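There are 2 protein chains.
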Amino acid sequence: MSRLWIKEGSFITMASHQPEVLRGHMVVEDGVIQYIGENEPAASVQEQAVIINGQGLLFMPGLVNTHGHAPMSLLRGFSDDQKLQVWLQEKMWPMEAKYSEADTKAGSDLAIAEMLLSGTTTFVDMYDRMEQVAQASIDAGIRAFLARGMIGLGSVEEQVSKLEDAVAFAKQWNGAGEGRIQTMLAPHAPYTCPPAFIERIVQAAHDLDLPLHTHMSETSAEVQQNVDDYGKRPVDHLEELGFFTRPALLAHAVHLTDDEIAKLAQLDASISHNPISNLKLASGVARVPELLRAGVKLSLGTDSAASNNNLDLFQEIRAAALLHKGVSGDPTVVPAHTALALGTSMGAQAIWHNHIGTLETGKAADFIAINIDQPHFFPRTDLVSHLVYAANGRDVEHVWVAGKQLVKHRQLLTMDEEKIRSEAQASFERLLT
Amino acid sequence: MSRLWIKEGSFITMASHQPEVLRGHMVVEDGVIQYIGENEPAASVQEQAVIINGQGLLFMPGLVNTHGHAPMSLLRGFSDDQKLQVWLQEKMWPMEAKYSEADTKAGSDLAIAEMLLSGTTTFVDMYDRMEQVAQASIDAGIRAFLARGMIGLGSVEEQVSKLEDAVAFAKQWNGAGEGRIQTMLAPHAPYTCPPAFIERIVQAAHDLDLPLHTHMSETSAEVQQNVDDYGKRPVDHLEELGFFTRPALLAHAVHLTDDEIAKLAQLDASISHNPISNLKLASGVARVPELLRAGVKLSLGTDSAASNNNLDLFQEIRAAALLHKGVSGDPTVVPAHTALALGTSMGAQAIWHNHIGTLETGKAADFIAINIDQPHFFPRTDLVSHLVYAANGRDVEHVWVAGKQLVKHRQLLTMDEEKIRSEAQASFERLLT
Chain U
1 MSRLWIKEGS FITMASHQPE VLRGHMVVED GVIQYIGENE PAASVQEQAV
51 IINGQGLLFM PGLVNTHGHA PMSLLRGFSD DQKLQVWLQE KMWPMEAKYS
101 EADTKAGSDL AIAEMLLSGT TTFVDMYDRM EQVAQASIDA GIRAFLARGM
151 IGLGSVEEQV SKLEDAVAFA KQWNGAGEGR IQTMLAPHAP YTCPPAFIER
201 IVQAAHDLDL PLHTHMSETS AEVQQNVDDY GKRPVDHLEE LGFFTRPALL
251 AHAVHLTDDE IAKLAQLDAS ISHNPISNLK LASGVARVPE LLRAGVKLSL
301 GTDSAASNNN LDLFQEIRAA ALLHKGVSGD PTVVPAHTAL ALGTSMGAQA
351 IWHNHIGTLE TGKAADFIAI NIDQPHFFPR TDLVSHLVYA ANGRDVEHVW
401 VAGKQLVKHR QLLTMDEEKI RSEAQASFER LLT
Chain F
1 MSRLWIKEGS FITMASHQPE VLRGHMVVED GVIQYIGENE PAASVQEQAV
51 IINGQGLLFM PGLVNTHGHA PMSLLRGFSD DQKLQVWLQE KMWPMEAKYS
101 EADTKAGSDL AIAEMLLSGT TTFVDMYDRM EQVAQASIDA GIRAFLARGM
151 IGLGSVEEQV SKLEDAVAFA KQWNGAGEGR IQTMLAPHAP YTCPPAFIER
201 IVQAAHDLDL PLHTHMSETS AEVQQNVDDY GKRPVDHLEE LGFFTRPALL
251 AHAVHLTDDE IAKLAQLDAS ISHNPISNLK LASGVARVPE LLRAGVKLSL
301 GTDSAASNNN LDLFQEIRAA ALLHKGVSGD PTVVPAHTAL ALGTSMGAQA
351 IWHNHIGTLE TGKAADFIAI NIDQPHFFPR TDLVSHLVYA ANGRDVEHVW
401 VAGKQLVKHR QLLTMDEEKI RSEAQASFER LLT
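So the protein sequences, as listed, match chains U and F.
Residue 342 in UniProt numbering is what sits at position 342 of the first sequence, and the numbering runs on without skipping anything.
Residue 219 in UniProt numbering is what sits at position 219 of the second sequence, and the numbering runs on without skipping anything.
Next up, chain U with everything else stripped away, as it sits in the complex (with noise of 0.2 Å):
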C-alpha cells in the first residue's frame, strides 16, 4: 500500500458538496482519494504516510484537455497566419505524410511533457498513428483518451483497412496502463468521410461497445458543404448516420443554430470548446453561453500545438471565460467558476470519466499543485477568479495521476525532459529535407 498525505493546503475541489476552497488535509492510498476534509485525518491513517507540505500551495483536479492531436506538436509555428485549408492541406498534410514512427513518437512525448508540465492529467487525442501516441502515455503515465482518426476520402478498401487499424488498436489498447488508457473510434468529420463509412464506425462501436469522438462543424464552408452534399446540416446528418446511438464528443461544434443546440441537448451529445484554435484559424466562436444554457455537455480542448500554438489548458479556460464576454456583450456569462469546471469536472464529464475531475473521496488522484505565492495570486480574494483569470501552466507546481507524482518542482519525473526537446528538434530538422 501506498499512502500520501496532503497537509494543510488549500483545496479547490470543484464537488459541490464541498466549499468553494477547503483547506485542509487530503489522503491518497494506492491511486485513490480516500479522504479529503478539513479536519486531520485519523492518527492510524497518519502512520506511514508521506507527507506532502501544503503550505504556500493550492491543490485542485487535474486538467482535462478534450482534443488534440499531439504528434503535430512537431508542427508548432511551421504555418501561422494562414487560411484554415492552405494550412492544412499545404503546410500540415505533406510535412505530416512524412512522419516516421519515431517523428510520431516524438511529437507525442513533446506534447505529453508540455500537458503534464502546465496541468493537464487527462488528453483526449486523435491521430492516424496512435501506437505512439498510447505507449508514450503509458510510459509517462497520463492518462489518455485515444482514437485512431480515420479519414474516408480513399477508396472503400483503404476505407474498410483503416477501420481494421482503428479497430485493432482500440481492442489492444483499451485498458492498457492500469486503465489510464481508453479508446474511441473516430471518423476525422462528416465532410471527409461518406455517409456509408461513418455508419460502418458506428456499428463497430456497438461491437465493439466504445464511444465515437470527430470533428463537426469547425467552420460555416464545410457546414454548407455538407448541406450541399447531403441536403442537412451536420447535426441531423449524423444523427441520420446513427452516431449519437453512441457517446459521442463533438470537436468545435462552432457553427450551430437552435434548433441544432438543442438537439444536442436532447442527444446528450458531448462537446470540446476549442477557443484558441478556433480563433486562430479563423473558423468563428462557438456559442458557449446556448450551449451552457441547453445544459449540453461542455468541456475544453486546445486542439494541436499547430494551430494554438501551445497546450496549456489554463489558457483554454481563461479564453473560455473573456472570449464569450465580450462578443456577446453580457460580462456574467461564462463566469470563473464554470470555466474552471469546463477544464476539470465539466471536462471529466464530457468524456464520461467519472472517477476523475472533482477531488472527492473514491476518486482517482489525478491532482495538481499550483504555486500561489506568487504576485499575480494577490491579494486572495478569489482564488477560482485567479486560477482563471490570473493563472497559466507554467504556475504548476506538481502533477499526480492516479496517485504518482509525476511531476516535482516543474521538473517530469517519468519524461526525460533535454531529450524530448532534442529529439523533437531533430523530428523536426529531418521533416524538412
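Possibly wrong hints are sitting among the right ones.
[Said to hold, decoys possible] Only pairs whose alpha carbons sit at most 35 Å apart, straight line, appear in this in silico DSBU-like list of lysine-lysine:
no.: 1; chain 1: U; residue 1: 408; chain 2: F; residue 2: 419
no.: 2; chain 1: U; residue 1: 404; chain 2: U; residue 2: 171
no.: 3; chain 1: U; residue 1: 408; chain 2: F; residue 2: 363
no.: 4; chain 1: U; residue 1: 408; chain 2: F; residue 2: 404
no.: 5; chain 1: U; residue 1: 404; chain 2: F; residue 2: 408
no.: 6; chain 1: U; residue 1: 408; chain 2: F; residue 2: 408
no.: 7; chain 1: F; residue 1: 404; chain 2: F; residue 2: 171
no.: 8; chain 1: U; residue 1: 419; chain 2: F; residue 2: 171
no.: 9; chain 1: U; residue 1: 419; chain 2: U; residue 2: 408
no.: 10; chain 1: U; residue 1: 83; chain 2: F; residue 2: 263
no.: 11; chain 1: F; residue 1: 419; chain 2: U; residue 2: 7
no.: 12; chain 1: F; residue 1: 419; chain 2: F; residue 2: 404
no.: 13; chain 1: F; residue 1: 91; chain 2: F; residue 2: 404
no.: 14; chain 1: F; residue 1: 363; chain 2: F; residue 2: 419
no.: 15; chain 1: F; residue 1: 83; chain 2: U; residue 2: 263
no.: 16; chain 1: U; residue 1: 7; chain 2: U; residue 2: 363
no.: 17; chain 1: F; residue 1: 7; chain 2: U; residue 2: 419
no.: 18; chain 1: F; residue 1: 7; chain 2: F; residue 2: 171
no.: 19; chain 1: F; residue 1: 98; chain 2: F; residue 2: 83
no.: 20; chain 1: F; residue 1: 408; chain 2: U; residue 2: 7
no.: 21; chain 1: F; residue 1: 232; chain 2: F; residue 2: 91
no.: 22; chain 1: U; residue 1: 419; chain 2: U; residue 2: 363
Calculated from the structure, these hints are not laboratory results.
Predicted model, so just to flag it, every value in this text is computed and none were measured.
Using the hints, position chain F against chain U.
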C-alpha cells in the same frame, strides 16, 4: 563605466534592418546599447565587461504596457463577471475611496513586481494618487509614464484643485529617476469631464509641453451619451476641445466609425488597445485590423489587474493576435510579428518613447531574456511565433532596464517580493473592514 556583454544569444531586435532572429552579441555601456551584431565585439570592448552567457536564452526588447492603473492591483479578483458600471461604481470606487497612501503604495508595488517578473519594462499609469506610483517606480527601477487622472464630475473648484494637483505632479516628477519617469496630463474621459475642464487641461498640457492621456469610447453606451450630451461622437468632440493639438494617447477606443479611424490616423493620435479588459467587461472588440490598415499608432495595455486580472503583457500580445482573426474571419490579420511589435516597438512609438522598443545601437538597454529551453518553445520553427502564440510572462528569466538588471532568474533584485505580497494582503484586508 559599466559594461555588459551578452555573449552568444539569440536576439529578436524588432529593428527592421536586422534579421528577424539575430544570433550574436550585444554590448551595453552605461545603460545604452553600444553594439549588437553577429560578430564578437572588439577585444577592447570585451575588456572589463560583465559577461552574460546567452545560450538557451532569447533576448528581446522589454515590453511596453501603455495603459493601466497600478494601485488597483489590490482589487484583483474582488469583483468579476459583472457589468462595467456595477463593477466600477458599486465595487471599485467604494473600495478605492478607502485607500490610504500606504494602500496606494502597496498596490503599486504589487503591480510593478508583477510587471517586471513578466517582462514589462515600461508602463503607462493613470490614477488619482500618483506620488506612490512614481516613488515605487523609481525604487524598483522600472520605466514609467505617469499621469494623475482627473474625473471632473465635481464643482469647478474641485476641478481646478485636481488640475493643480496634476500639474504639480507632472512638474515634480517629469524626468525623475534619471529620466525613467515621464509625465502626462490625463482627463479621465469625455464622459467624466465637462468640455471646459478638458480645454483647461489641454491648455495646461501646452504650457508644460506634455502629452495627454484619456479613456475614450470604451463602451457603446458612453459613445451614445457623448452624442446625446454634445451632439457628436468622442473623436470630433475631443478634436473640437483641442485635445489633438497635443500628442494624445487614447485608451480602449473600441467603438469607432470608419470616419473616426481615418481622422485618428490623420491626427496622429495613439491608441492603447486593451483586448482582455475589453472582453472581460464585455465592452466589445476594437477594430484593430482597420486601425492597423489606416496606420493609426497602436499599442497594447493590460488595464488594471481588477479588470484583466493580470498584468502579463504577453497575454495581451497573444489576445491581439488571436481575437481579431476569429472575429473578422480572416486568419491573416494581426500576424505574429505585428502582435509582437504592438507590445514592443510600436508600443514605444505610440508613447513617443523613441529611445526604447527595439534592440539597436544607441537605444536604451531595456531588454528581457526568455528561457526558451522548455517544451513549448520546440521545435525551433519560428521564434517570433513562439513568443506570440506559446510564451507567457512566466517564461521571462531576466529583465534589464536602462542597463540595470532588475530580475535575475525570476527573482526581483530591487524589490522584496515576499514583503510586497504580505503588504498587499494586509492592505486588502484593511480595505474590507
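Status of each hint after checking the structure:
1. Between residue 408 of chain U and residue 419 of chain F the CA atoms are separated by roughly 26 Å; this keeps the pair inside 35 Å, and the hint holds.
2. Between residue 404 of chain U and residue 171 of chain U the CA atoms are separated by roughly 26 Å; this keeps the pair inside 35 Å, and the hint holds.
3. A hinted pair counts as satisfied when its Cα atoms are at most 35 Å apart, and residue 408 of chain U with residue 363 of chain F does not qualify at roughly 41 Å.
4. Distance hint between residue 408 of chain U and residue 404 of chain F is fulfilled; the C-alpha atoms sit about 33 Å from each other, no more than 35 Å.
5. Under the criterion of a C-alpha separation no larger than 35 Å, the hint pairing residue 404 of chain U with residue 408 of chain F is consistent with the structure, at around 33 Å.
6. For the suggested pair residue 408 of chain U and residue 408 of chain F, the alpha carbons sit about 22 Å apart, so the restraint of at most 35 Å is met.
7. With a C-alpha separation of about 26 Å, the suggested pairing of residue 404 of chain F with residue 171 of chain F holds against the 35 Å cut-off.
8. Of the pairs offered as hints, the one joining residue 419 of chain U and residue 171 of chain F is violated, with about 57 Å between alpha carbons and a cut-off of 35 Å exceeded.
9. Taking the CA atoms of residue 419 of chain U and residue 408 of chain U, the gap is about 18 Å. The hint holds against a cut of 35 Å.
10. Taking the CA atoms of residue 83 of chain U and residue 263 of chain F, the gap is about 31 Å. The hint holds against a cut of 35 Å.
11. For the hint pairing residue 419 of chain F with residue 7 of chain U, the CA-to-CA distance comes to about 25 Å; that is within 35 Å, so the pair holds.
12. Of the pairs offered as hints, the one joining residue 419 of chain F and residue 404 of chain F holds, with about 22 Å between alpha carbons and a cut-off of 35 Å not exceeded.
13. Restraint check: the Cα-Cα separation between residue 91 of chain F and residue 404 of chain F comes to about 39 Å, which exceeds 35 Å; the hinted pair is violated.
14. Restraint check for residue 363 of chain F and residue 419 of chain F: the C-alpha separation of about 34 Å stays at or below 35 Å, so the hint holds.
15. Restraint check: the Cα-Cα separation between residue 83 of chain F and residue 263 of chain U comes to about 31 Å, which is no more than 35 Å; the hinted pair holds.
16. A distance of roughly 19 Å separates the Cα atoms of residue 7 of chain U and residue 363 of chain U; the hinted pair therefore holds under the 35 Å criterion.
17. A threshold of 35 Å between alpha carbons decides the hint, and for residue 7 of chain F with residue 419 of chain U the separation of about 25 Å falls inside it, so the pair holds.
18. This hinted pair does not check out: residue 7 of chain F and residue 171 of chain F have alpha carbons roughly 41 Å apart, beyond 35 Å.
19. Of the supplied pair hints, the one linking residue 98 of chain F and residue 83 of chain F holds, its CA atoms being roughly 22 Å apart against a limit of 35 Å.
20. A C-alpha spacing of about 32 Å is found between residue 408 of chain F and residue 7 of chain U, which places the hinted pair at or below 35 Å, so the restraint holds.
21. At most 35 Å may separate the alpha-carbon atoms for a hinted pair to count; residue 232 of chain F and residue 91 of chain F meet this at roughly 31 Å.
22. Distance check on the hinted pair: residue 419 of chain U and residue 363 of chain U sit about 34 Å apart at the alpha-carbon level, within 35 Å; holds.
Of the numbered hints stated above, those contradicted by the structure are hints 3, 8, 13, 18, listed in ascending order.
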